[in-house]
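Asks: If you want the building blocks of each chain, they are given just below.
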Amino acid sequence: MPETFTAEHPADIVHSFAEHRRFLHNLAAMQLNSRDEADDAVQDTFAAAIDGVAGFSGQVPVRAWLVGILRNKIVDAIRRRARYIRLDPADALPSDDAEFDDRFTADGCWQPGVLHAAGPESSMAYRQLLELVDLCLQKLPANTGRVFLMREFLGLEFTEIASQLELAEGHLRVLLYRARMRLRDCVSRGWEDA
Amino acid sequence: MRPPDHHDDEHDDRNDGARFSCRDSTWLVSEARDRPLSATERAQLHRHIDSCPHCQVASKQFERLFAQIDDLLGHTRHNGG
Ligand SMILES: [Zn+2]
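Just so you know, the protein sequences line up as chains A and B, in that order. Read in the working numbering, the first sequence has 785 at position 141, and its numbers run on one by one without any break. Read in the working numbering, the second sequence has 335 at position 15, and its numbers run on one by one without any break.
Derived from the structure by calculation, the hints contain no laboratory data. If you're wondering where the values come from, they're calculated on a predicted model, not measured in any experiment. A couple of the hints might just be wrong.
[As the list claims (entries may be wrong)] Not everything, but these chain A residues come out facing chain B in the computed CB check (under 7 Å):
#1 700
#2 708
#3 712
#4 713
#5 748
#6 753
#7 771
#8 774
#9 798
All C-beta atoms in this analysis are idealised placements derived from N, C-alpha and C, irrespective of residue type, glycine included.
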């Protein structure tokens with residue numbers, strides 16, 4: 645491989661970190677127990693990114709790069725703590741798919757009208773689409789969001805998430821299902837409203 | 321790397337006798353994010369989606385959503401589907 649050419653000057657890249665702070669902080673706050681922990685994870689991420697900026701190849705967007713660093717910081721923070729994170733009992737209850745009963749008929753068919761737009765309006769820029777997903781993530785119940793991100797963002801295995809949260813794997817699957825169902829609801833409504 | 325086949329009481333009853341429903345298909349679409357579906361599950365899912373216009377819309381929505389989640393969270397797809 646030839647040396648990777650980065651169009652932007654490292655100082656400009658570092659300068660652009662600030663615009664991603666809120667997104668990174670939201671992501672961290674959804675998985676850690678306090679604002680302070682989230683602040684620390686974001687600070688550590690920026691510190692590591694500043695140290696490593698010379699090696700940043702520019703092959704992925706800056707935000708994706710930062711998000712990757714943050715992921716490691718959060719995994720470290722979660723693994724460091726000795727205690728379990730207790731889920732809100734309302735979230736940890738055994739499956740009651742009742743939550744989505746209004747989306748389906750009694751025999752399990754989609755209710756007319758709940759599917760919304762099949763896809764985004766062409767007028768929506770991709771950046772807007774991702775902002776919509778971010779917004780919908782923020783709207784998940786806290787613990788559902790946490791479980792969802794442990795899986796989909798941190799990429800932790802089921803066994804690790806289950807033991808971290810002292811949760812049966814079956815419940816974990818149900819929480820992930822709920823998160824995805826809610827997200828589909830939320831983004832497809834957004835696509836329609838756009 | 322993956323947990324062994326998980327026995328899920330809430331959902332097993334759907335497979336014997338009862339028709340595979342839209343609701344069942346949403347469950348499998350979600351599961352497919354986390355583990356490879358069995359051949360039987362894949363067949364059930366595809367057979368249903370092929371014959372159900374609602375689920376054609378829903379599965380397209382999930383597919384778009386999942387791709388956007390991957391982009392938002394800064395990674396390319398894990399697990400395939
Ligand atoms: Zn269907």
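Asks: Measuring from the C-beta of residue 753 (chain A) to each C-beta in chain B, is the shortest one below 7 Å?
Replies: OK, holds: residue 753 (chain A) within 7 Å of chain B, min 5 Å.
Asks: Report holds or violated for the interface hint on residue 798 (chain A), using the least CB-CB distance to chain B and a cut-off of 7 Å.
Replies: Where the cut-off is 7 Å and the nearest Cβ of chain B is about 9 Å from residue 798 (chain A), the hint is violated.
Asks: Does residue 774 (chain A) meet its interface restraint, that is, does its C-beta lie within less than 7 Å of any C-beta in chain B?
Replies: holds, 5 Å
Asks: If you take the shortest Cβ to Cβ gap from residue 708 (chain A) to chain B, is it below 7 Å?
Replies: Holds, because the Cβ-Cβ distance from residue 708 (chain A) to chain B comes to roughly 4 Å (cut-off 7 Å).
Asks: Quick one, is the residue 700 (chain A) hint okay against chain B at 7 Å, beta carbons?
Replies: violated, 13 Å
Asks: Given a cut of 7 Å on the nearest C-beta pair, is the interface hint for residue 771 (chain A) held or broken against chain B?
Replies: Constraint on residue 771 (chain A) not satisfied, violated at 10 Å.
Asks: So, as I understand it, the hint says residue 712 (chain A) touches chain B; can you test that by seeing if any CB pair is closer than 7 Å?
Replies: Where the cut-off is 7 Å and the nearest Cβ of chain B is about 5 Å from residue 712 (chain A), the hint holds.
Asks: Hold the hint about residue 713 (chain A) up to the distance rule: shortest CB distance to chain B must be less than 7 Å.
Replies: violated, 10 Å
Asks: If you take the shortest Cβ to Cβ gap from residue 748 (chain A) to chain B, is it below 7 Å?
Replies: holds, 5 Å
In summary, the numbered hints that this structure violates are 1, 4, 7 and 9.
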